[in-house]
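Visitor: All chains, please: the whole structure from these sequences, using the hints.
Sequential numbering of the sequence shown, starting at 3, is according to the working numbering.
Bear in mind the hints are in silico, worked out from the structure with no lab data behind them.
Incorrect hints may appear among the rest.
[To be verified] Under the rule of at most 25 Å between Cα atoms (straight-line distance), these lysine-lysine pairs were calculated in the BS3-like manner:
1. 17 to 167
2. 345 to 313
3. 379 to 345
4. 313 to 343
5. 379 to 343
6. 117 to 175
7. 57 to 145
8. 117 to 145
9. 532 to 167
10. 176 to 145
11. 379 to 346
12. 176 to 117
13. 255 to 242
14. 379 to 313
15. 255 to 227
16. 242 to 227
17. 242 to 176
18. 346 to 313
19. 117 to 167
20. 175 to 145
21. 313 to 227
Every value quoted in this text rests on a predicted model; they were computed, and no experiment measured them.
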Amino acid sequence: MYGFHTFADPGCPMKPPTGAFRDNIRVFLHDCAETEDYDVHGMPIWCTLLVHETKSFVIPLYTIEEDVYISQQPYCDHCKCTGWRNHFVSKRKYHVIIPVDVDWNTPLGDGVFDKQTHLLHGLIHCNGYGHLLCINGIEGGSKNLCGREIMDLWDRICAHLRTRKITVEDLAKKRSMDLRLLHGVAYGHSWFGRWGYRFCRGSFGVTEHNYDRAIEVLSSLELNKVIADFSGIENFREIKQIVRYYRDMSEDKLITIKDLLRFMLTVKYSAPSRKRTVMAPTTASSSYLKPSNRIALQRKATTKEKDAKCKRFSSVIANMDSRWPARRLEYTAGVIVDALKEKKGDKYSHGGMTRQDVRDAARIHIGDTGLLDYVLKSLNNVIVGSYIVRRSVNPTTRILEYTIHEHGNGVNAIEPKQEVSPVLKPLVALPGADVYSDVVFLYTNVLLNYPESELVELATQAVLESKRFVKEWPYRDESDQLLSFICQVMPNLIVAEAELTRELPPGEVVVVPLHATVVELKLAVESAFKDTYCIMENFWVTGIDLLEDMEDEDVLFGAVESGSLLRVRGIGIDLGSNVRYQGGADNWMVRCECGAQDDDGERMVACDVCEVWQHTHCCGIEDSEIVPPLFVCPGCCDSLVPPKTESSCVFEGYGDLLFDPVAEYTVQLQY
Numbered sequence: 003m004y005g006f007h008t009f010a011d012p013g014c015p016m017k018p019p020t021g022a023f024r025d026n027i028r029v030f031l032h033d034c035a036e037t038e039d040y041d042v043h044g045m046p047i048w049c050t051l052l053v054h055e056t057k058s059f060v061i062p063l064y065t066i067e068e069d070v071y072i073s074q075q076p077y078c079d080h081c082k083c084t085g086w087r088n089h090f091v092s093k094r095k096y097h098v099i100i101p102v103d104v105d106w107n108t109p110l111g112d113g114v115f116d117k118q119t120h121l122l123h124g125l126i127h128c129n130g131y132g133h134l135l136c137i138n139g140i141e142g143g144s145k146n147l148c149g150r151e152i153m154d155l156w157d158r159i160c161a162h163l164r165t166r167k168i169t170v171e172d173l174a175k176k177r178s179m180d181l182r183l184l185h186g187v188a189y190g191h192s193w194f195g196r197w198g199y200r201f202c203r204g205s206f207g208v209t210e211h212n213y214d215r216a217i218e219v220l221s222s223l224e225l226n227k228v229i230a231d232f233s234g235i236e237n238f239r240e241i242k243q244i245v246r247y248y249r250d251m252s253e254d255k256l257i258t259i260k261d262l263l264r265f266m267l268t269v270k271y272s273a274p275s276r277k278r279t280v281m282a283p284t285t286a287s288s289s290y291l292k293p294s295n296r297i298a299l300q301r302k303a304t305t306k307e308k309d310a311k312c313k314r315f316s317s318v319i320a321n322m323d324s325r326w327p328a329r330r331l332e333y334t335a336g337v338i339v340d341a342l343k344e345k346k347g348d349k350y351s352h353g354g355m356t357r358q359d360v361r362d363a364a365r366i367h368i369g370d371t372g373l374l375d376y377v378l379k380s381l382n383n384v385i386v387g388s389y390i391v392r393r394s395v396n397p398t399t400r401i402l403e404y405t406i407h408e409h410g411n412g413v414n415a416i417e418p419k420q421e422v423s424p425v426l427k428p429l430v431a432l433p434g435a436d437v438y439s440d441v442v443f444l445y446t447n448v449l450l451n452y453p454e455s456e457l458v459e460l461a462t463q464a465v466l467e468s469k470r471f472v473k474e475w476p477y478r479d480e481s482d483q484l485l486s487f488i489c490q491v492m493p494n495l496i497v498a499e500a501e502l503t504r505e506l507p508p509g510e511v512v513v514v515p516l517h518a519t520v521v522e523l524k525l526a527v528e529s530a531f532k533d534t535y536c537i538m539e540n541f542w543v544t545g546i547d548l549l550e551d552m553e554d555e556d557v558l559f560g561a562v563e564s565g566s567l568l569r570v571r572g573i574g575i576d577l578g579s580n581v582r583y584q585g586g587a588d589n590w591m592v593r594c595e596c597g598a599q600d601d602d603g604e605r606m607v608a609c610d611v612c613e614v615w616q617h618t619h620c621c622g623i624e625d626s627e628i629v630p631p632l633f634v635c636p637g638c639c640d641s642l643v644p645p646k647t648e649s650s651c652v653f654e655g656y657g658d659l660l661f662d663p664v665a666e667y668t669v670q671l672q673y
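Guide: The following block contains the structure:
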């Protein structure tokens with residue numbers, strides 16, 4: 003048995019390995035784990051027993067080696083959604099699991115890979131790239147271990163085994179609050195950021211630049227301005243009391259919302275335990291990190307509770323980088339509304355119009371088809387005059403249609419992208435009685451429901467849409483007695499000319515003795531690729547860049563620097579294999595108006611004409627709606643209708659929604 007808090011520290015339980023992950027994991031299992039007398043789907047299981055030094059209970063740490071050739075899921079959905087769909091399929095995956103406390107004395111079952119209750123579940127491919135799938139501390143079901151203890155252990159294991167990159171999808175919550183938003187504002191990074199996890203990929207076209215600017219916008223909200231902006235609003239008095247209470251308590255000046263939230267989170271355990279009556283959300287907290295796939299619904303918006311927020315068209319166009327003047331855009335929107343009103347007034351019509359029908363009706367008054375397409379694209383849940391223009395799928399025809407509704411008659415507008423907590427209305431205002439209740443109150447009212455600020459709304463949404471984070475362990479060349487190289491297969495060996503735009507798979511770490519020869523390096527490279535990837539079982543190295551002028555018997559030391567990237571040429575790659583890339587055998591394309599160019603794990607639909615995938619949400623299909631059995635994207639709709647005018651419909655991203663810097667925040671958010 004090994005100590006839980008010291009396991010995988012340098013020198014414990016063994017000296018740090020110097021090889022690649024694929025070799026280190028085997029040494030680890032041989033030296034630090036015992037083979038179980040049963041398996042899961044024919045896959046071997048090892049167990050390492052860890053003892054908690056202060057509480058004296060024993061924790062089982064299981065490692066399962068999943069053989070891709072007999073696996074029910076040879077591809078990796080997590081790689082696909084992370085941006086690693088171009089990685090070769092590895093021969094083996096290693097699952098590192100600590101079950102929930104009540105299962106510590108129970109053998110692992112066949113559904114072990116799908117359980118959401120594990121205290122720890124990490125998956126690492128034998129090339130050193132992997133994913134943290136699940137972590138559950140006290141609030142997630144553990145009776146003995148907190149989340150930080152488990153994360154510390156996982157981080158030490160990854161460093162010890164020399165993993166290369168690990169991703170995590172952060173869906174962790176506490177008291178209904180998304181921790182990636184709360185910690186992002188308070189600390190500048192997600193909860194996983196304390197272990198070095200940084201932005202990896204955002205949903206709906208959110209980029210790292212968007213994320214950084216969004217964090218900056220929210221963190222820099224000044225408390226005095228927040229109080230002023232909430233004056234005259236229902237929760238003004240409570241917000242002012244909370245700010246004043248913690249300002250009085252703090253020895254340092256609290257200027258921004260970042261200062262306030264960070265201070266509140268540092269004193270949450272020292273606050274008095276007086277009861278405070280608050281109408282707070284009762285959603286159970288869980289830090290389970292759910293795996294994503296194209297089919298799963300990850301948004302929890304309901305049809306019963308919809309956010310009644312609509313943006314006025316004048317506000318929308320004020321934030322659009324358009325070559326047409328605002329008055330021209332507003333006139334065009336008015337023409338479209340008039341066409342929709344006329345259609346709605348037809349007693350023989352259901353009131354909706356397809357995009358092409360609206361376009362044709364408006365063409366009578368507006369000849370610029372580019373202007374029409376530009377305005378039509380932005381007319382979704384916006385207020386034009388006294389009407390709300392919406393875009394949705396007709397349940398009968400399953401075709402996207404535009405409809406209008408009178409503004410102010412109780413019609414709900416856009417359904418929220420994220421599940422939003424109800425506005426808290428304290429019955430008894432006692433700031434400090436329950437610090438977390440105060441944090442929830444500020445989170446709900448300031449971050450989620452800031453009054454009359456599209457900038458804050460967009461920034462909050464950008465952070466909430468940034469769920470995937472990654473940690474990289476930089477390559478270390480530490481041994482004086484070894485030479486290490488990153489060896490990458492030349493692109494002409496693995497892709498056809500038409501696929502050269504695909505990013506190359508990562509190289510492999512190859513380690514040889516200090517005085518190894520060129521031929522010994524070639525053999526080591528062959529062995530590494532054969533051992534790691536399915537399509538390279540018959541790979542044979544014919545040459546290595548930087549070493550063309552050397553003979554096979556020449557010694558490498560002094561001729562090439564350790565740690566170099568070497569391009570490898572060879573033959574024997576099975577280009578016809580079905581287990582080639584982690585993204586699967588299908589070479590499908592994503593091109594969505596939000597800017598997404600690849601699978602991000604959100605719900606999508608493919609056009610039945612062009613076969614391009616787009617987000618259902620961006621196509622006007624709510625998460626509560628079933629995807630139409632026949633779906634044709636707007637671009638193909640135009641091409642299918644007999645040409646009356648020149649179509650200028652293109653897929654454009656959030657570049658159209660860039661807005662000017664706001665003086666009070668002095669930053670620009672592009673989302």
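Visitor: Compare the structure with each hint and give your call.
Guide: Tested hints:
Between residue 17 and residue 167, the direct Cα distance comes to roughly 22 Å. Compliance with the 25 Å bound is thereby established for this hinted pair. Distance hint between residue 345 and residue 313 is fulfilled; the C-alpha atoms sit about 23 Å from each other, no more than 25 Å. Between residue 379 and residue 345 the CA atoms are separated by roughly 20 Å; this keeps the pair inside 25 Å, and the hint holds. Proposed proximity of residue 313 and residue 343 is supported: the alpha carbons are some 20 Å apart, at most 25 Å.
Restraint check: the Cα-Cα separation between residue 379 and residue 343 comes to about 19 Å, which is no more than 25 Å; the hinted pair holds. Pair hint residue 117 plus residue 175 holds up; C-alpha atoms about 18 Å apart against a cutoff of 25 Å. With a C-alpha separation of about 12 Å, the suggested pair residue 57 and residue 145 falls inside the 25 Å cut-off, and the hint holds. Note on residue 117 and residue 145: the hinted pairing holds, with a Cα-Cα distance of about 18 Å set against a maximum of 25 Å.
For a cut-off of 25 Å, the pair hint linking residue 532 to residue 167 stands: about 21 Å separates their Cα positions. Annotation: proposed proximity of residue 176 to residue 145 holds, straight-line Cα distance about 17 Å (limit 25 Å). A C-alpha spacing of about 21 Å is found between residue 379 and residue 346, which places the hinted pair at or below 25 Å, so the restraint holds. Straight-line distance between C-alpha atoms of residue 176 and residue 117 comes to about 21 Å, which keeps the hinted pair within the 25 Å bound.
With a C-alpha separation of about 16 Å, the suggested pairing of residue 255 with residue 242 holds against the 25 Å cut-off. Taking the CA atoms of residue 379 and residue 313, the gap is about 14 Å. The hint holds against a cut of 25 Å. With a C-alpha separation of about 15 Å, the suggested pair residue 255 and residue 227 falls inside the 25 Å cut-off, and the hint holds. With a C-alpha separation of about 11 Å, the suggested pairing of residue 242 with residue 227 holds against the 25 Å cut-off.
In summary, the hint linking residue 242 to residue 176 is supported, as the alpha carbons are separated by about 24 Å, within the 25 Å threshold. Of the supplied pair hints, the one linking residue 346 and residue 313 holds, its CA atoms being roughly 22 Å apart against a limit of 25 Å. Taking the CA atoms of residue 117 and residue 167, the gap is near 23 Å; set against the 25 Å cutoff, the hint holds. For the hint pairing residue 175 with residue 145, the CA-to-CA distance comes to about 18 Å; that is within 25 Å, so the pair holds.
Taking the CA atoms of residue 313 and residue 227, the gap is near 23 Å; set against the 25 Å cutoff, the hint holds.
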